[in-house]
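Q: Sequence:
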Amino acid sequence: MSIITYNDFKGEQNIAAISNIGIRESLQVFIDEYEPLFLESLLGDALAAEFVAGLALAPIDPKWLFLRDNTSLKKMLVCCVYYHYRQNEITLTSGTGEVKSKNENSNPVNVIDKCTKSWNNMVHMARKFTLDRSIYPDYPHRNTVWVYEMWGNYCNRSRIDNIYEFKNSLGL
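Note that UniProt numbering has the sequence shown beginning at 1, numbered continuously upward.
Be aware that one or more of the hints could be misleading.
Derived pair list, reagent style SDA-like, types lysine to any residue, alpha-carbon separation capped at 25 angstroms [stated by the list, open to error]: (1) K128 x I90; (2) K128 x E89; (3) K75 x Y34; (4) K10 x E25.
It is worth saying that the hints were derived from the structure and are not from the lab.
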């Protein structure tokens, strides 16, 4: 069960033609891939597993509902998935390699700046994110900015880019 759905992609993270079932299925692939990776990076392996399992139980413990619905978690997930989804949509993979679609009634523009803005919004939220350890004892107690500055990529064990590191339009 995903924490976010295609309905969460609104405003700056709008996905065009989301009513198209093919686009929704494509987006769901990215949600399924990046949501668990992001949760592990932000919450740590143990709390991420508890959180996902807790949302699957009925009735859902209020602490899991609070984490899902009353923190910046969903917005960060949307920003992260949007970044990866839109990066992938820049080109199409064909039998002859990577190609760019040809538009008939519009001119394509560079989407990198919009992707970068979404990523950097997520980084701002991730750096400020904290949980009460008396309620969430498995939350890794750390000042994430300090950890990143001290240890850099050494601390990033995840398979996604460091969620505490800003990007620029060059991908650096």
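Q: Would the hint linking K128 and I90 be met if the CA-CA limit is 25 angstroms?
A: violated (30 angstroms)
Q: Is the straight-line distance between the alpha-carbon of K128 and that of E89 25 angstroms or less?
A: Cα-Cα ~30 angstroms, so violated.
Q: Would the hint linking K75 and Y34 be met if the CA-CA limit is 25 angstroms?
A: holds (14 angstroms)
Q: For K10 and E25, compute the direct alpha-carbon distance and say whether it is at most 25 angstroms.
A: Given that 25 angstroms is the threshold and the Cα spacing comes to 17 angstroms, the pair holds.
Violated hints for the displayed structure, listed by number in ascending order: 1 and 2.
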